[in-house]
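Peer 1: In order, the protein sequence lines correspond to chains A and B. For any residue, its number in the numbering used here is found by taking its place in the first sequence, counting from 1, and adding 162. For any residue, its number in the numbering used here is found by taking its place in the second sequence, counting from 1, and adding 30.
Note that these hints are calculated values from the structure, not bench results. Note that this is a predicted model, so its numbers are computed, not measured. For glycine and all other residues, C-beta sits at the position ideal for the given N, C-alpha and C. One or more of the hints may lead you astray.
In the DSS-like style, the derived pairs of lysine-lysine whose C-alpha atoms are separated by at most 27 Å in a straight line are [stated by the list, open to error]: (1) 197(A) to 159(B); (2) 56(B) to 117(B); (3) 118(B) to 394(A); (4) 98(B) to 197(A); (5) 310(A) to 167(B); (6) 178(A) to 169(B); (7) 318(A) to 371(A); (8) 210(A) to 167(B); (9) 205(A) to 98(B); (10) 56(B) to 205(A); (11) 413(A) to 167(B); (12) 167(B) to 197(A); (13) 98(B) to 413(A); (14) 197(A) to 56(B); (15) 169(B) to 205(A); (16) 159(B) to 261(A); (17) 98(B) to 206(A); (18) 413(A) to 159(B); (19) 206(A) to 56(B).
A short list of chain A residues far from chain B (calculated; beta carbon distances all over 10 Å) [what the hints assert, rightly or not]: (20) 195; (21) 225; (22) 259; (23) 291; (24) 353; (25) 370; (26) 381; (27) 382; (28) 386; (29) 392.
Taking beta-carbon pairs under 8 Å as the criterion, some of the chain A residues facing chain B (in silico) [claimed, not checked]: (30) 169; (31) 173; (32) 189; (33) 238; (34) 411; (35) 412.
So the chains spell out like this:
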Amino acid sequence: MSKYELGIVDTRNILKTIQEHYDYDFRNYALTFFKRRLEYIIKKYNLKSADHLIKEIINNESFFQLFLKEICVENTEMFRDPSLWRYLMNNFLTPIIQKSTSYKIWFPEVSSGEELYSLVILLAELNLLEHVEIHASSISEIRMNKVKQGVFDSSKMEINEANFKRVFRNKDLNDYCTIKNGEGYINPPLLENIKFFRQNAIFGQYPRKVKLIMWRNQMLYYNQILKERMLKTMNSCLVAGGHLIIGLNEKIDYWNSNSDFILVEENNSVYRKKL
Amino acid sequence: MYQAVIIGGSAGSFKVITSILSALPKNYPVPLLLNLHRLKHVRSGFVEALALKSNIPVVEPYDKDSIKPATAYLAPSNYHMYIELNKKIALSTEEAINHSRPSIDLSFITAAQTYHRNLVGIILSGANKDGAWGLKKIKDEGGTAIVQDPKECEISTMPQAALNTTEVNYVYSKDQIINFLLKIKQ
Chain A
163 MSKYELGIVD
173 TRNILKTIQE
183 HYDYDFRNYA
193 LTFFKRRLEY
203 IIKKYNLKSA
213 DHLIKEIINN
223 ESFFQLFLKE
233 ICVENTEMFR
243 DPSLWRYLMN
253 NFLTPIIQKS
263 TSYKIWFPEV
273 SSGEELYSLV
283 ILLAELNLLE
293 HVEIHASSIS
303 EIRMNKVKQG
313 VFDSSKMEIN
323 EANFKRVFRN
333 KDLNDYCTIK
343 NGEGYINPPL
353 LENIKFFRQN
363 AIFGQYPRKV
373 KLIMWRNQML
383 YYNQILKERM
393 LKTMNSCLVA
403 GGHLIIGLNE
413 KIDYWNSNSD
423 FILVEENNSV
433 YRKKL
Chain B
31 MYQAVIIGGS
41 AGSFKVITSI
51 LSALPKNYPV
61 PLLLNLHRLK
71 HVRSGFVEAL
81 ALKSNIPVVE
91 PYDKDSIKPA
101 TAYLAPSNYH
111 MYIELNKKIA
121 LSTEEAINHS
131 RPSIDLSFIT
141 AAQTYHRNLV
151 GIILSGANKD
161 GAWGLKKIKD
171 EGGTAIVQDP
181 KECEISTMPQ
191 AALNTTEVNY
201 VYSKDQIINF
211 LLKIKQ
């Protein structure tokens with residue numbers, strides 16, 4: 163487990179370099195997370211030092227794209243926390259979407275795609291896919307292009323299938339995806355109508371009048387300041403009564419946050435924007 | 031003196047942990063950080079089972095929770111649990127380390143960087159090598175490294191791996207571990 167250890171000063175220099183050269187401001191990411199991620203990148207790409215990393219970031223745009231891909235933490239698996247997906251299936255999606263004229267869903271950070279794939283599979287099972295408008299964004303062009311093609315890491319298939327069975331007892335995940343040359347692919351029709359767009363690190367652009375935001379385990383990597391700022395952003399793009407779903411061990415607890423959000427399903431971290 | 035105790039274990043550690051939790055008083059002077067491998071999907075029930083006979087609250091922390099004395103923090107299923115320098119919990123869904131998420135090594139290493147010599151690290155019964163590296167880091171930072179006696183463990187792979195990696199301070203039976211923990215004063 164030995165690895166390159168980065169100092170705080172080096173970390174800050176890298177943050178500054180990125181901010182000066184690109185439209186990405188990571189200064190309010192959780193510092194220890196960011197430092198850890200930088201160390202991982204330095205090791206993975208055989209860089210010698212922080213200076214070497216800085217040089218690559220400045221001079222090599224295609225390296226910077228790889229850098230963004232690595233900063234962006236992958237989703238762990240499809241149907242992570244099966245109880246949430248069962249809740250969405252049995253208690254949440256059907257009544258709410260059928261009542262709605264246009265139901266807009268946003269994945270602010272689509273990452274490696276598993277959360278998005280899980281939702282479109284669930285919607286297909288419920289015959290609701292035609293009734294929704296899905297927007298998906300990512301800070302990483304590379305990740306986003308993979309998700310557009312429906313690619314996923316086939317080594318996660320075992321856990322994907324185990325989770326899937328916990329949601330849909332008698333169905334088969336293989337009806338929705340195929341494994342080709344060692345890579346997993348979601349069936350293309352499931353992703354046909356999704357609108358993808360690139361995001362900078364602090365969400366400079368976002369869709370309006372969204373009814374559901376799926377944003378699980380993303381705030382883990384922010385500091386308190388960015389966490390609060392982003393939650394306010396999420397709040398402003400939701401319609402009144404719209405929902406925000408965050409990770410099971412995340413919570414919304416900034417000062418006066420209960421005038422913005424109400425926790426409606428504690429076991430699954432489902433919040434609603436106040437009317 | 032000691033400011034925190036961190037414990038790692040997997041198969042065979044559950045009973046040891048419940049014995050420890052039932053022995054500690056409700057005003058225990060330091061926090062207990064627990065990282066126990068378990069089935070990923072057994073989300074509910076585990077923390078309740080641990081809390082049943084415990085005198086101190088057992089919680090699965092939320093991200094950015096502050097670490098307080100007289101509380102046991104159990105690494106939530108399918109998250110890594112880091113200990114931050116400002117004595118808060120940081121959770122993460124980053125890659126599994128040696129097939130483990132939570133990784134005992136990651137919790138131990140970051141706790142060592144936060145508490146240095148004021149930390150006790152304990153490796154209990156378990157079926158893989160996770161935690162061995164982390165315990166070494168605790169020792170290197172001046173903390174106290176304890177391993178449950180492999181002869182007493184249901185599965186000795188984990189304590190044995192720790193012993194192979196680190197010159198630990200003590201190899202203790204379950205009862206000796208409890209006695210040691212009871213002597214901790216602030």
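Peer 1: All hints, please: hold or fail.
Peer 2: Hint check results:
1. 197(A) to 159(B): Answer holds: residue 197(A) to residue 159(B) is near 26 Å, not above 27 Å.
2. 56(B) to 117(B): Given that 27 Å is the threshold and the Cα spacing comes to 21 Å, the pair holds.
3. 118(B) to 394(A): Judged against 27 Å, a Cα distance of about 23 Å means the pair holds.
4. 98(B) to 197(A): holds, 26 Å
5. 310(A) to 167(B): With a Cα-Cα distance of about 43 Å, the restraint between residue 310(A) and residue 167(B) is violated, given a limit of 27 Å.
6. 178(A) to 169(B): violated, 35 Å
7. 318(A) to 371(A): Outside the cut-off at roughly 34 Å; violated.
8. 210(A) to 167(B): holds, 24 Å
9. 205(A) to 98(B): The given pair, whose Cα atoms are some 35 Å apart, is violated under the 27 Å limit.
10. 56(B) to 205(A): Violated, at roughly 45 Å.
11. 413(A) to 167(B): violated, 31 Å
12. 167(B) to 197(A): holds, 19 Å
13. 98(B) to 413(A): holds, 18 Å
14. 197(A) to 56(B): violated, 37 Å
15. 169(B) to 205(A): holds, 25 Å
16. 159(B) to 261(A): violated, 53 Å
17. 98(B) to 206(A): violated, 36 Å
18. 413(A) to 159(B): Violated: residue 413(A) and residue 159(B) sit about 33 Å apart, past 27 Å.
19. 206(A) to 56(B): Given pair residue 206(A), residue 56(B) is violated - Cα atoms ~46 Å apart, limit 27 Å.
20. 195: Violated, because the least Cβ-Cβ distance between residue 195(A) and chain B comes to about 7 Å, which does not exceed 10 Å.
21. 225: holds, 21 Å
22. 259: holds, 27 Å
23. 291: holds, 27 Å
24. 353: holds, 23 Å
25. 370: It holds; residue 370(A) is separated from chain B by about 28 Å at its closest Cβ, greater than 10 Å.
26. 381: Contrary to the label, residue 381(A) does not stay out of reach of chain B, its closest Cβ about 7 Å off (not over 10 Å).
27. 382: violated, 5 Å
28. 386: violated, 7 Å
29. 392: holds, 14 Å
30. 169: This interface hint is violated because 13 Å lies over the 8 Å limit.
31. 173: violated, 13 Å
32. 189: Constraint on residue 189(A) not satisfied, violated at 17 Å.
33. 238: Hint holds; residue 238(A) Cβ to chain B Cβ min 5 Å, cut 8 Å.
34. 411: holds, 5 Å
35. 412: Because about 5 Å separates residue 412(A) from the closest Cβ in chain B, which is inside the 8 Å limit, the hint holds.
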